[in-house]
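First to last, the protein sequences are chains A and B.
The working numbering puts the first residue of the first sequence at 1, with every later residue one more than the last.
The working numbering puts the first residue of the second sequence at 1, with every later residue one more than the last.
Calculated from the structure, these hints are not laboratory results.
Be a bit skeptical, because a hint or two may be false.
Said to hold, decoys possible - Taking lysine-lysine pairs in the PhoX-like style, the calculated list, with each CA pair at most 20 Å apart, reads:
1. A/Lys103 to B/Lys14
2. A/Lys16 to A/Lys70
3. A/Lys103 to B/Lys64
4. B/Lys64 to B/Lys20
5. A/Lys3 to A/Lys70
6. B/Lys20 to B/Lys55
Bear in mind the structure is a predicted one, so any value in this text is a computation, not a measurement.
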Amino acid sequence: AQKITQTQPGMFVQEKEAVTLDCTYDTSDPSYGLFWYKQPSSGEMIFLIYQGSYDQQNATEGRYSLNFQKARKSANLVISASQLGDSAMYFCAMREGIQGAQKLVFGQGTRLTINP
Amino acid sequence: GAVVSQHPSRVICKSGTSVKIECRSLDFQATTMFWYRQFPKQSLMLMATSNEGSKATYEQGVEKDKFLINHASLTLSTLTVTSAHPEDSSFYICSASRDRGPYEQYFGPGTRLTVT
Chain A
1 AQKITQTQPG MFVQEKEAVT LDCTYDTSDP SYGLFWYKQP SSGEMIFLIY
51 QGSYDQQNAT EGRYSLNFQK ARKSANLVIS ASQLGDSAMY FCAMREGIQG
101 AQKLVFGQGT RLTINP
Chain B
1 GAVVSQHPSR VICKSGTSVK IECRSLDFQA TTMFWYRQFP KQSLMLMATS
51 NEGSKATYEQ GVEKDKFLIN HASLTLSTLT VTSAHPEDSS FYICSASRDR
101 GPYEQYFGPG TRLTVT
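Produce the complete structure using the sequences and hints provided.
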């Protein structure tokens, strides 16, 4: 069964607009962590933001925020005031368990293109 | 963010030869490192979890005798592709996990392997 689902293969957004990238997950473990990574054309995976299953507030990191809706099992990434440099692949990932280094399961990714 | 290096960034080898890829965590000690494989336009697939001082844990379907992993120190893990075949051509990415919460993984820049 797919544990992480990203339903948007591609997104096109005008520069300076906000964009929401969707991510839903499936787990029976009450303890888990959700991550978003950015992969530009160079191939490197860049860590953007983290949300723990017990965190009461939505995570924010600069222009990135995570819209965490636990009951709906969704963890959408919101990028405010998009920039041309935001064009990249974005992956949502989940780690089951919150203690110790555990493996990540990745979604299929969303290719975001920012138009000038 | 933390820095993880990978070497080489690109390698071309002939069928039947072995190739070693190094993954180094440059500014933190990583008890646990991970090796992923990424095919074009696809997501990352975990191959194995590398634990310092112990044997790696391989994912189902990954041949441990073909993909040898050694994690000899807290900052270095190596992946050796033995008796390489053209179907082993891929993008290999390593990550290093912090040893404290939220145990986020920092990724290396990846190694593109081409087997001729």
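So, going through the hints one by one against the coordinates:
no.: 1; hint: A/Lys103 to B/Lys14; in the structure: 32 Å, violated
no.: 2; hint: A/Lys16 to A/Lys70; in the structure: 29 Å, violated
no.: 3; hint: A/Lys103 to B/Lys64; in the structure: 17 Å, holds
no.: 4; hint: B/Lys64 to B/Lys20; in the structure: 14 Å, holds
no.: 5; hint: A/Lys3 to A/Lys70; in the structure: 15 Å, holds
no.: 6; hint: B/Lys20 to B/Lys55; in the structure: 17 Å, holds
Comparing the model with each numbered hint stated earlier shows that hints 1 and 2 do not hold.
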